[in-house]
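K.L.:
From just these sequences and the hints, can you work out the full model?
Protein chains in written order, with the numbering used here: chain S, 1 to 794; chain F, 1 to 158.
Keep in mind that the hints were calculated from the coordinates and are not lab data. Since we're looking at a predicted model, the values are computed, not measured. A portion of the hints provided could be inaccurate.
Here are some chain S residues the structure puts well away from chain F; computed CB gaps all over 12 Å [unchecked claim]:
1) Gly36
2) Gln260
3) Lys435
4) Leu446
5) Arg496
6) Asn641
7) Gly695
8) Leu713
9) Tyr734
To give an idea of the chain F side of the interface with chain S (calculated C-beta under 7 Å), a few residues [said to hold, decoys possible]:
10) Ser15
11) Asn17
12) Leu23
13) Gly36
14) Gly40
15) Glu44
16) Val77
17) Gln90
18) Phe93
19) His94
20) His97
21) Gln100
22) Cys101
23) Tyr103
24) Thr105
Think of the CB as a built atom: it goes at the ideal place given N, C-alpha and C, for glycine as much as any other residue.
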Amino acid sequence: MTGHTGTGIGASLPRLEDLPLLLGKGKYFADLKRPGQLHVFFFRSIHAHAKIKSIDTRQAEELPGVVAVVTGEMIKDELLPLPQPSVTADLPGRKPTFWPLAVNKVIFHGEPVVAVVAEDPYVAEDALELIDVDYEPLPYVGDMEAALDPASPIVHEGWDSNQIFHIDFHSDRSESEHKDYVKRVAELIETAPHVIKQRYRVHRCGVTPMEPRGVLAEWDDTDGLMVWITSQRPHVDRYVFADVMSLPVSKVRVVAPVDQGGGFGVKAAIYREPMLITYLARKLGRPVRWLETREENLMTVGQERDQIHDLELAADENGKIIAARDMGMADAGDGCAGMYWGYNMPLVGAARFPNAFDIPFCEVQMRVAVTNKAVLSPARGLGIYPTRFALDRAIDMMARKIGMEPSDLRRKNLITELPAKLSTGITYDSGDFRKTYDRLIELADLPAFRKEQEAARKEGRYIGFGIGVGAEPSGVHSRRYIVNTGTPAYAATDVRIDHRGGVTVYYGDAPHGQSHKTVIAQIVSTELGVPPEHVTVIHGDTQSTPYSTGTVAARGASLVMSSVAVACRDLRKKMIRVFAHDHKADPDYSDYEFADGQVRHKRSDNLRSGFAELAYRIIVNSIDLPPGETGSLEQKAVFENDFGMVAFSAHGAFVEVCAKTGRVKILKYITSDDAGTVLNPQILVGQIEGGVIQGISNFLFEEYVYDENGQQLSSSLANYKIASAADVPAIDVYHDAGTYCPNTPLGARAMGEGCIGAVPGALGNAISDALQPFGVEIVETPVTPAKILRMIRG
Amino acid sequence: MKRDVTITINGVEYSGNIPIRMLLVDFIRDVAGLTGTHVGCTFEGQCGACTIHLNGEAVKSCLLLAVQCHGKEITTVEGLAREGALHVLQEEFHRHHALQCGYCTSGMLMNAAEFITERPDADDEEIRHALVGNICRCTGYTNIIKAISAAAKRNASV
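P.N.:
Shown next, in the form of C-alpha cells:
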C-alpha cells in the first residue's frame, strides 16, 4: 500500500520537525520562562491512607523567598473540585470528588498535600523540609479483589463500597435477550469438548514519556488566564480550567508547547496539579510555574494496565471457538483523574476483549475497584494490553490442549467478514485480517522453525515462537467517545492559503512526537500541488486552532489527516471555480490537476495558472468573482466516521529462554500490519518499532511496585526499569499486506495507539512455547528471570 | 553560599555568582540559557538526556555541580554543528528518522559523538551497549542505531 516516491503522500519524506530538535533549539515546556515567575513544589503524602490531623506550615512560610504556602483547607472554597461537566463521561460509574490538594485525608502515597510557592525552585524545595503534617494512619486498601469485598475499609469517604465501576456488556441485546444470551454462553462452556479456564493477570506499568509534566500560568485582569501546559488535550484543559475557576471559556487560553517530549496517553488526563497552578496564578497575580520531577511523575501518573481476567474459552473438536466468558477486574487506584476516572482504560480493554476473533457467544464483564494507589491513567494501547494477553494466551493453551499448531487455531478463528460487530457492541469497519495474518505466517516460516526448535531442545536450548494479534482502533467515533470521555471524537482543521501560495494548517490537538507536521505537509503537497516546505502547521494553541479533543486514540492518520485532505479538496474546488470563471472554461473539477505549484487543465495546455497567482487572485483581487462566490481561501473541515474503524496487526516473536538464568532473549520480532494507505512509510515504521519496544519493556522490565503498606518502591528510573538499547532487538516491520480503508478519504488507517496491542500475546506465547519441555504456561506479567526460574522448577 | 563561576560553553564564556549547590545542567539551561540540554530524570543520571562534553568527554550534566566545572570547557548540543554545517550525526539522525519527540536526542547525539570517534568500527550490538545510559521512549532505538552506525562509517572515511 505504499505510494509514489517524491515528497507527497506515500513518500518517506524526512521530517520537517527534525532540524530545530537536532540543533538543541526545540521549544519544550521547561524552556519557557516568564518575567517574575514563581515556582511551586508539592509536599506529598508519605502515607497511602491516613487522616490529616494537622498541618504546620509556619516555618516554611518564614523561609526567605517563600511567597505562599497553601493547603487543601485553604483552597477548597475558592476553587471548584472535579468532577465538572467538561470532563464527565456518561458512564455507569462513580466519580470521586477531589481538589488539587488533599482535604481531610490522604488516599495514596504521593498525593499532593501542601504547595509551596517561592521565588526560586531551590528555595521552594527547601521549604518542603520545614512542613510538618500530623497523620493518623488508616488501613491500606491495596488489593483490587479484597477492595471489592464488602468488609474492606473504604477509600472514599461517604461511599458504601470501593466499586467505582461495573459493566456487563449487552451490545444491543435487551435485558431479557441478554439473560438468554448469558445462559447460552454458560451452556456452551459447560458442554464444549474443550475448555480453557484460567486467570490471567497483567501488572501495573505504563508508558512514561521522557519529558515530565509542567504547567505555567499567568493571570491578566483583562485577558484572563493564560496557561502553558504539557498536554495532549489543550482544548479540554481550557474547558476544565474555566469550569473549576468559574471563568468564561473565552477568558482562558491554553497552549501546549510546539515541542513536547512524548505523551503516550499520560498527558491526556486531567490531573490535580494544573488546576492548582492556574488558581495560584490568579490568586498571587504573578506567573506561577510547576515542573514535575521524575519522582513525582513515576508516583502519580502513567500507571496503567493492572487488570485480572478470569477467562473461560470453549472450542469444538476442530478448534473452532464457540463461546467465551471473561470476567475482568481492574485496580483504578484512587480514581481521581478527569475524563478517565481510573476505569476508562479497563472499560475499553474489556469492550475490545474479543479482539480479531469470531466468538459466536461471548460474555464480557468488567469490575473496577478503587484502592490507595495512584490513579490508573492512560497509556498507549489504552486498556487493551491485559485483554490481548489473556485471550491470545488462552488461544495457544487451547491449541495445545487440542493438539493443534497454535497459529492454525488462531487463523481458523479470525473474523473474516467485515464490517463486523462484537458481542460487546464494538464495531470494525474494514480490512482483511487473514491476509495480513497470512503474511506474518509466511515471513515466520514456521515449519523450518519447528525443526530448529526440536534440534535446539536436544542441545538443552529453549527457543520458542509465539503470535499475538490486535484489531485496534483507527481513530474513535463520537457515539462511543462521548459516552466514554465526555468529549467528541471528530478532528477539525483549518487550512488557510495565503496570497503568495503558502499554506498554514491549524488544528487543535497537541502532537508530541507523532510527526504530524510532516505528514500534514505531505497531504497538502499532494492535494494542492505545493512543496511541503511551503506548509506551516500550527497546533496546540486554543486561541488560533479549532476545538478538538486531542492527540489520543490513533486519531492522527485516521481523522486529523482526513480532515486536512477534506479541507484541501474544498479549497481546490473553489480555486477551480474561480479559474474556470476567469477563463470562461467549464468548471468540471475532475478536469483539473494541482501539481508543481500550478493549477492546470489536464487537456488544455493553455489553461493553467501558477498556484500562488490564483491564490492572489482570490484572496486579494477579490472582485469579479463568479456569482455567489466570495474572496478568501480559508477552509475549516471536520471529519469523523460514525462507525469504528480498525487497524489489524499480527506480531510474531522468536525467543530463547535460558533455563539456567531465566533470561529471555528476543531473537527476532516480526510485525505484519494493515495501515491501509501508508502516508509516510518511515514514520509508520518508526511508530510501530517504538510501540512494540514499549510493549516489550512493559512485559519484561517495567513495574510499579507498592509494598504491603502502599509505599511506592518504583519512584526512580533506577527502580522503574525502562528498556535500554541493549535490552531489545530490532523489529522487522511489514505493511505490504494492508488494505485500503474505504472510510477515510486517503485510505489510511492509524497505527500509533494500537501497535502495542499484539505484543503481550506474542511474547507470552513465545516464552510459553519455548518452555513447553517444562510444561510452563505464562499467565502473569511481568515475566522476569526470577519468575521463569520458579516456574521451571515447578 | 554563592561563588563566582566561569564556564566556557561552545566557545563562549559564561559567568555567574551562583549558589554552590547549583547543578551543572541548571547552569547550562538557566545561566547560559542553552535549553537544548534536557532533564528527564530527577538528577540521578538515569535517563541521559542531559549528556554534554566536559573537556571532550561525554558526561551527564545533572551529576555535576557547576562549581566543579569552573574554568573548564563544555560542549552542548548547540555546539555540535560547526559554521552552519550539521554534524554528521545530526544528518544521519535526520535521514534515519532517529528521533520522534526529540527530548532524548541531545543526550543521544552527545554520547554518540564521543563514541564514534573512539569506536568508528563498532557493530550494531556494540552501539546498543554504548547507549545503555540514554533512554529513548519513542523510537525503540533501531533507527538510532542505524543513524549512529552510518555516521561512524562516514566519519571514519573522512
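K.L.:
Does each hint fit the structure? Answer for all of them.
P.N.:
To see whether the hints hold, each was checked on the structure:
1. Gly36: With a cut-off of 12 Å, Gly36(S) remains clear of chain F, as the shortest Cβ separation is near 15 Å.
2. Gln260: 6 Å, violated
3. Lys435: 25 Å, holds
4. Leu446: 24 Å, holds
5. Arg496: Answer for Arg496(S): holds, closest chain F Cβ roughly 27 Å.
6. Asn641: 26 Å, holds
7. Gly695: 10 Å, violated
8. Leu713: Answer for Leu713(S): holds, closest chain F Cβ roughly 15 Å.
9. Tyr734: 14 Å, holds
10. Ser15: Interface hint status for Ser15(F): violated (19 Å vs cutoff 7 Å).
11. Asn17: 14 Å, violated
12. Leu23: This interface hint is violated because 10 Å lies over the 7 Å limit.
13. Gly36: Hint on Gly36(F): holds, closest Cβ of chain S at ~2 Å, below 7 Å.
14. Gly40: Hint holds; Gly40(F) Cβ to chain S Cβ min 4 Å, cut 7 Å.
15. Glu44: It holds, given that the least Cβ distance between Glu44(F) and chain S is near 6 Å, below 7 Å.
16. Val77: 4 Å, holds
17. Gln90: Holds: closest Cβ of chain S sits about 4 Å from Gln90(F), inside 7 Å.
18. Phe93: The hint holds - Phe93(F) has a Cβ within 7 Å of chain S, the shortest such distance being about 6 Å.
19. His94: Hint holds; His94(F) Cβ to chain S Cβ min 5 Å, cut 7 Å.
20. His97: 5 Å, holds
21. Gln100: 4 Å, holds
22. Cys101: Holds, about 3 Å.
23. Tyr103: 3 Å, holds
24. Thr105: 6 Å, holds
Hint check: violations occur at hints 2, 7, 10, 11 and 12; the rest are consistent with the structure.
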